[in-house]
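Protein chains in written order, with my numbering: chain A, 2 to 111; chain B, 33 to 237.
Think of the hints as simulated: they come from the structure by calculation, not from any bench.
Wrong hints could be hidden among the right ones.
So the derived label-pair ranges between C-beta atoms look like this [to be verified]:
{"#": "1", "chain 1": "B", "residue 1": "K139", "chain 2": "A", "residue 2": "S78", "range": "18 to 28 Å"}
{"#": "2", "chain 1": "A", "residue 1": "R87", "chain 2": "B", "residue 2": "P217", "range": "11 to 21 Å"}
{"#": "3", "chain 1": "A", "residue 1": "K82", "chain 2": "B", "residue 2": "P50", "range": "18 to 28 Å"}
Ideal placement from N, C-alpha and C gives every residue a C-beta, glycine not left out.
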Amino acid sequence: MKMNGMANGKTVHVVPKDGAWVVISEGRRSSVHSTQAEAITAARRMMKDRLSGQFVVWGQSGRIVKRETYRLPKVKSPPLKSRLGRKKIEEAVGSVVLDRLNSYSSLPRA
Amino acid sequence: MPSRVRSDHVFINCPFDPGYRAVLEGMVFAIFSLGFVARCALEDDDGGEIRLSKIERIIEECKFGIHDLSAVAIDPAINLPRFNMPLELGLFLGCKRFGADPQRKKKCLILDSDRYRYRNFISDIAGQDIHAHGGRPREAIIEVRNWLAGASGRKLLPGGAEVSVRYERFQADLPALCARVQRDPSNLIFVDLSEMVSIWLRADR
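Take the sequences, apply the hints, and build the full model.
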């Protein structure tokens, strides 16, 4: 199933937003929590219901502060480093991914 | 002498033409997505190392090899085919055949545009299972995934279709990624592509 013209991934994101913590999965906001710990608990519960996946917790800085993988192969690093610098690429990835996450629709009404 | 073979490293022997780029990017993405490391002669542009020595070193270090013969064709400018891909396939098979024990466990995937074209120009490899991708990244991803799953014996690897879907998402993000690091996506060098794929997969599979 595609959202916003792009296929959905197996990553559940926990993102700080307007003083709260939003869990985003499959291209939509799944739940909103008042603390990061509650959001992480919700994300872990989602992971356990799936065959495989990962969840990523984004910090206020726009960088990943926590990451857990369930039954997915561990991603390795290339042996030779890009001259762009790992940090620069991480910031670029964070920026692009967060822009996309922030464009996703709001929680459905109950 | 300690083994230099890395059981998670995959050597990619392929053309470096612009027309092949999409297939190469797809294969690099698939390899990292499945928990392996893509290696290639383009990874190190240190002019101090002789190219053949660099290729030999990378082949030695990789347990797995993907050899794409699809671009072996007459170059109209010189009326000769390029022999680099068959040469590197030969080096890989020779390493497997004559090397010390860890080298004998090497495994390779041979790709071509057509499964039977090899009969006309490299018939010595008859008996090897040749696969075709038709120049399409999605099919190349599925071929690489299915082969690596069997060759490595690893369980629970994501399916080829699933990896292909993730690749579409990465491709959708790539122009914005390259803009932020001030690089041209159509001219992204191998080490930059590999690092971007690796970091992107950690952030958003």
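field: Numbers of the earlier hints that this structure fails to satisfy, in rising order
entry: none
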